[in-house]
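With the sequences and hints as input, model every part of the structure.
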Amino acid sequence: MWNYSEKVMEHFLKPRNVGELEGANAIGETGSLSCGDALKLYLKVDENERIIDASFMTFGCASAVASSSALTEIIKGMTLDDAAKITNDDIADYLGGLPKEKMHCSVMGQAALKKAIANFRGIQILEKPGDMVCECFDVTDLEIIDAVKNNGLENTEDVTNYLKAGGGCGKCLDRIEEIVHKTMASMATSSAAD
Amino acid sequence: MIYTDNNATTRVADEVIEEMLPYLGQFYGNPSSMYGFADMVNKKVQQARTQVADLINADPGEIIFTACGTESDNAAVNAAISAFPQKKHIITTAVEHPAIRNLCFHLQKNKGYKVTFVPVDKKGRLDLDTLYKAMSDDTAVISVMWANNETGVIFPIAEIAQKAKEKGIWFHTDAVQAAGKIPIDVKAAGVDMLSLSGHKIHAPKGIGVLYIKKGIKFSPFLIGGHQEKGRRGGTENTASIIALGKACELAKAHLPLMDTQVRAIRDYLETRLLEAIPATSVNGDTENRLPNTLSIGFDAVEGESILMLMNQAGICASSGSACTSGSLDPSHVLMAMQVPFKSAHGTIRFSLSHYNTKAEMDTIVQTLIPAIDKLRQMSPFWKDGKVV
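Protein chains in written order, with my numbering: chain A, 1 to 194; chain B, 1 to 388.
One thing to keep in mind: the hints can contain errors.
[Stated by the list, open to error] Result set (DSBU-like, lysine-lysine): computed pairs, CA atoms no more than 35 Å apart in a straight line: (1) A/K182 with B/K114; (2) A/K115 with B/K383; (3) A/K100 with B/K205.
Worth flagging that the hints you see were computed from the coordinates, not collected in a lab.
All values reported here derive from a predicted model rather than from experimental measurement.
What follows is the structure in structure tokens.
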């Protein structure tokens with residue numbers, strides 16, 4: 001049984017801003033039916049790039065619903081530039097924390113927001129740089145390195161909890177372990193020089 | 001509370017608790033000790049052994065007590081590979097309980113065994129052709145569950161056991177889910193070893209059984225004292241054994257009830273859900289299924305969310321979704337059946353006991369109708385009354 005905070009349960013049982021937003025001019029989608037997690041984020045952005053309304057549709061567990069609901073509450077009223085700074089940790093903190101196995105639900109929120117912003121600005125999110133490591137969940141080596149560096153991840157389990165990488169067929173687990181080790185080693189040496 | 005998760009665990013029957021309490025309290029003797037106070041406990045343990053044997057038509061001497069179904073499974077497979085150290089092949093199915101499945105993965109990865117995981121079709125039925133073709137002189141053991149815990153699908157154990165016997169291969173079956181729900185006759189089926197678990201049949205958790213056919217060259221998994229005639233070391237869990245004996249006696253008496261009353265209530269729940277909620281499907285072969293199990297998929301919504309909404313209404317069940325499995329894949333059973341993702345993630349398993357009532361099923365349906373609707377309103381994969 002997942003240890004959900006009261007706020008997570010509240011946002012799950014009484015989610016805010018559910019549905020397709022009429023007049024939405026920015027949409028970001030992430031996840032899929034096969035993943036077991038999907039989020040469609042709708043934004044209504046004014047001419048000053050301020051988010052005047054937001055809504056969501058989610059297929060997923062209680063954490064996914066709560067994360068989406070929380071995200072829409074957080075970004076309403078923000079400019080796109082400020083919203084772009086929201087991290088998955090911000091979403092999790094807003095909810096009073098998420099079980100570590102559920103952190104990837106908040107990562108989905110961050111990803112959908114990024115896509116929505118790009119959608120509004122007419123920017124095409126290019127093919128991700130780096131080499132594909134996890135095919136099931138579309139995660140590259142650079143994303144793993146980034147996640148390890150910025151979130152204090154220490155092993156493959158942490159990586160799976162954050163990015164889902166390795167959580168599907170499992171073929172890439174050895175590769176992930178390799179990347180984690182190399183990244184942590186490089187972090188150690190760079191601080192050793194300080 | 002409405003409890004419909006009996007394949008996960010069952011309530012200990014009142015009669016069973018009553019039967020075991022004196023052996024937790026007043027009569028704490030060790031059955032192996034040399035005085036009257038202990039001997040009377042030993043006699044109760046042997047009586048329990050007979051009650052267990054009766055449930056499956058075995059001889060009492062063919063029953064050993066273990067700590068759980070998982071231990072029984074481990075002991076059975078290990079005994080087989082120990083008896084035939086030259087043989088490095090194992091046959092099992094793609095839908096076994098982790099106690100067999102992960103054990104086989106371990107043997108494959110770390111002990112150099114080749115394992116054939118026999119696939120199932122979309123209804124969860126075994127591909128018997130593949131199973132029989134895989135049997136070889138190198139096969140140390142075949143382990144096939146009697147009935148599947150998630151879908152309730154029942155496998156043709158007697159037929160497979162017969163084929164295994166013809167080839168001289170040991171045949172083990174994990175009957176943890178089948179025992180107490182359908183009749184089990186080890187002599188008629190011709191199995192060599194069979195696992196059983198107490199907490200699935202209204203006995204306490206922490207007690208299991210391994211049936212070992214007379215004549216099988218069994219070597220112990222748990223090596224220690226001479227308990228269980230040297231087949232399983234460790235002082236007997238006397239109170240739980242006595243509890244299990246009583247539970248088996250009750251289970252045998254309740255078998256007809258399982259087939260009639262429980263089956264009818266399960267069928268009623270299934271019919272009502274399929275009628276009341278669109279885009280809903282049953283997983284598994286409904287012709288050959290345990291009378292108490294219903295695995296049902298709701299398209300475009302996710303299992304954990306469904307369970308949490310049911311939990312708000314005091315309804316207990318489980319799901320095959322990724323979020324609840326602890327991994328990121330839906331259950332390996334649903335995957336093996338190639339259940340489409342749109343319903344695999346939204347699959348709920350209801351598993352009844354003879355304590356459940358028809359009125360409870362009505363409450364479940366009344367709760368699920370708005371719950372599924374609420375989740376579908378939120379789902380990007382549901383629009384205008386269907387999956388998109």
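Unmet hints by their number, sorted upward, for this structure: Violated: none.
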